[in-house]
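Undergrad: Residue numbers (our numbering), protein chains in the order written: chain A, 1 to 142; chain B, 1 to 432.
Any given hint could turn out to be false.
Derived lysine-lysine pairs resembling BS3-like cross-links, with alpha carbons at most 25 Å apart [what the hints assert, rightly or not]: (1) LYS403/B to LYS114/A; (2) LYS35/A to LYS74/B; (3) LYS221/B to LYS8/B; (4) LYS424/B to LYS110/A; (5) LYS424/B to LYS133/A; (6) LYS98/B to LYS16/B; (7) LYS403/B to LYS366/B; (8) LYS385/B to LYS403/B.
Label-pair restraints from in silico Cβ distances [as the list claims (entries may be wrong)]: (9) ALA225/B to MET7/A: 57 to 67 Å; (10) GLU370/B to TRP50/A: 50 to 60 Å; (11) GLY343/B to ARG63/A: 21 to 31 Å; (12) GLY148/B to TRP50/A: 29 to 39 Å; (13) SER364/B to LEU21/A: 46 to 56 Å; (14) THR9/A to LEU427/B: 36 to 46 Å; (15) LEU21/A to PRO4/B: 40 to 50 Å; (16) ARG115/A to SER154/B: 57 to 67 Å; (17) PRO18/A to GLY145/B: 32 to 42 Å; (18) MET7/A to GLU277/B: 44 to 54 Å; (19) GLN93/A to GLY148/B: 46 to 56 Å.
Don't read these hints as lab results, they were simulated from the structure.
None of the values given here were measured: they were computed from a predicted structure.
Note that beta-carbon positions come from the ideal geometry of N, C-alpha and C, so glycine has one too.
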Amino acid sequence: MSHAPVMPTEAAPRLEWPAALLPEVEAALARYPVKRSAVLPALWLAQRQWGWLSPSALQLVARTVELPEPEVFGIATFYTMFNLQPVGRYHLQVCMTLSCSLMGADRLFKHLEKRLGIGHGQTTPDGRFTLRKVDALLERLR
Amino acid sequence: MRGPLLFKDIDTPGLKGIARYRELGGYEALAQTMGHSTPEACIDVVKASGLRGRGGAGFPTGLKWSFVPKQSPKPRYIVCNADESEPGTFKDRELMEKNPHLLIEGMILAGYAIGSHVGYIYLRGEFEYIQRILDAAIAEARQAGLLGDSVFGSGYAFELHTHLGAGAYICGEETALLSSLEGYRGQPRLKPPFPAVEGLYACPTVVNNVETLMAVPPILKHGAAWYRQWGNEKSPGTKVFSVSGPVKRPGNYEVALGTSMKVLIDDLCGGMRDGLELKAIIPGGSSVPMLPASDLDTPLDYESMNAKGTFLGSGGVIVIDDQTCIVDALYNITRFYAHESCGKCTPCREGTFWLSEIFERLLSGKGRMEDIDLLGDIADNILGKSFCALGDAAAMPIQGALKHFRHEFEHLVTHQRSLVNRRKAELAEVRA
Chain A
1 MSHAPVMPTE AAPRLEWPAA LLPEVEAALA RYPVKRSAVL PALWLAQRQW GWLSPSALQL
61 VARTVELPEP EVFGIATFYT MFNLQPVGRY HLQVCMTLSC SLMGADRLFK HLEKRLGIGH
121 GQTTPDGRFT LRKVDALLER LR
Chain B
1 MRGPLLFKDI DTPGLKGIAR YRELGGYEAL AQTMGHSTPE ACIDVVKASG LRGRGGAGFP
61 TGLKWSFVPK QSPKPRYIVC NADESEPGTF KDRELMEKNP HLLIEGMILA GYAIGSHVGY
121 IYLRGEFEYI QRILDAAIAE ARQAGLLGDS VFGSGYAFEL HTHLGAGAYI CGEETALLSS
181 LEGYRGQPRL KPPFPAVEGL YACPTVVNNV ETLMAVPPIL KHGAAWYRQW GNEKSPGTKV
241 FSVSGPVKRP GNYEVALGTS MKVLIDDLCG GMRDGLELKA IIPGGSSVPM LPASDLDTPL
301 DYESMNAKGT FLGSGGVIVI DDQTCIVDAL YNITRFYAHE SCGKCTPCRE GTFWLSEIFE
361 RLLSGKGRME DIDLLGDIAD NILGKSFCAL GDAAAMPIQG ALKHFRHEFE HLVTHQRSLV
421 NRRKAELAEV RA
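Sequences and hints are given; from them, build the entire structure.
TA: Below, the structure is given as structure tokens:
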């Protein structure tokens, strides 16, 4: 829990689901006996659509699953895969788990840092690459 | 053939599709059961087979199923734990990616046995592509009449859904998984009540690991005695081990329980990479205590591992070589648990943070001799005192390392540098 994002307080522009996504939104709501269970599927749909979870997107999800906005914000910040900031076109995630570390993950990460001129959690000024250290991606060495 | 049971046909081209799966005998267990066996009979066979939970705890599966109250007006749920987040484990991923219908068949059978009509497969966020594979397989099964209002025309209704997590190690803990599935932050809940009595939406729920559910169809098809041809009395059957680290052929291997670690590492994985010697083995994912190379002959089963002070766990075998600093390796594991601690209880939230800080002090060369005992002391104050097993997962590896490799910690304090550290040396090269 090292980062502590602050909940946006200013009114954000109202966002709606694109018509093409509505069937998926409806299907997500229909899968569970309660609406709030669709909060993760709805957050995923929003992130896939807009690339990140803007305050407007969080408010849309809150309306969709009928939860208070602060609660949806609290859920979104609990999970590491939700981007509450825009990310680069390429989101480079290097697994630093022991298995990967033993096989040179640290070197790989250092190389990327040097090559891109950015550190963990940063995005290149041209918006192309975001670099991040992650854990347990389970990518077996083939 | 990469294994005797679950991995027998795994590399068959087209296995993902229902046609090839059925050609190889798929859904025969389901056909044999629907309309022919009672739910109680299914539970009895699974109990007799001795199948134990393959997610890490090793709890007897049939017994878990029998805890679901027979008389309850509430709906019941079967949930598959496909969160596979234990560092070093990557078996469920390959199993689901290549043989999705086996999981679906296992879910329907488990659902039938406990009287459930809805199942959820909870996948970790990184498994989005597996969700697509499973959703396609579920659609095929529905089309073939194997899911829906009447499974195989038996009148038994069963629906199955996938649910994608979003990156939280804690969601592999079953009550945290249920919180997450309900739409809350994925934090664990107090047990009891156990999920079998009050689980998903406060209804009776069984949570089983992917590999466990996949073992159910062959067990129901061939019987308990047949399954017991592998393994031993208390640890029957086969288990998939995910081997990572500097061995020649890392990967997933399915072997009979009771096979020695030596066979797995030396024969199947081809031994260590050239120029490296084996120093330690973490046998069951990063949360279990490591064993020194001298314990290589230990059989891979629940009891033998417990006798050595460690656990079979999830079967994530991490191999550590002689050029790796144990303190550095432990720091890697500890900072992971510090990051993943959900913050709910004090021993885990504070303890993992302080453990991580002490490791940083030791590795920066500013460690004191008393820091070593302090690590042990903090670990002892987390173990068994945290709200869920995540605290134990952070504490146990430290106790294991202090037991077998205390001299490396002492060397670091006395000499202000590691006894050996291939990783640090390689990093220095990059910086130069």
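Undergrad: Hint by hint, note whether the structure agrees.
TA: Do the hints match the structure? See the list:
Of the pairs offered as hints, the one joining LYS403/B and LYS114/A is violated, with about 39 Å between alpha carbons and a cut-off of 25 Å exceeded. Only pairs whose Cα atoms come within 25 Å are accepted, and LYS35/A paired with LYS74/B is accepted, the gap being roughly 19 Å. For the suggested pair LYS221/B and LYS8/B, the alpha carbons sit about 16 Å apart, so the restraint of at most 25 Å is met. Proposed proximity of LYS424/B and LYS110/A is supported: the alpha carbons are some 12 Å apart, at most 25 Å.
A C-alpha spacing of about 17 Å is found between LYS424/B and LYS133/A, which places the hinted pair at or below 25 Å, so the restraint holds. Distance hint between LYS98/B and LYS16/B is fulfilled; the C-alpha atoms sit about 6 Å from each other, no more than 25 Å. In summary, the hint linking LYS403/B to LYS366/B is supported, as the alpha carbons are separated by about 22 Å, within the 25 Å threshold. Between LYS385/B and LYS403/B, the direct Cα distance comes to roughly 21 Å. Compliance with the 25 Å bound is thereby established for this hinted pair.
Between ALA225/B and MET7/A the C-beta distance comes to about 59 Å, which sits within the given range of 57 to 67 Å. At about 52 Å, the CB distance of GLU370/B to TRP50/A agrees with the hint of 50 to 60 Å. Distance hint check: the CB atoms of GLY343/B and ARG63/A are about 28 Å apart, consistent with the given range 21 to 31 Å. A C-beta distance of roughly 35 Å is found between GLY148/B and TRP50/A, which places it inside the suggested range of 29 to 39 Å.
A hinted range of 46 to 56 Å for the beta carbons of SER364/B and LEU21/A is consistent with their spacing of about 50 Å. Between THR9/A and LEU427/B the C-beta distance comes to about 43 Å, which sits within the given range of 36 to 46 Å. Checking the proposed 40 to 50 Å range against LEU21/A and PRO4/B shows it holds: the Cβ atoms sit about 45 Å from each other. Under the hint 57 to 67 Å, the C-beta atoms of ARG115/A and SER154/B, about 60 Å apart, fit the expected range.
Remark: the range hint 32 to 42 Å for PRO18/A to GLY145/B is upheld by a beta-carbon distance near 35 Å. For the pair MET7/A and GLU277/B, the beta carbons lie near 53 Å from each other, so the given range of 44 to 54 Å is met. A hinted range of 46 to 56 Å is violated for the C-beta pair GLN93/A and GLY148/B, which are about 38 Å apart.
The structure fails to meet hints 1, 19 from the earlier list, while all remaining hints are met.
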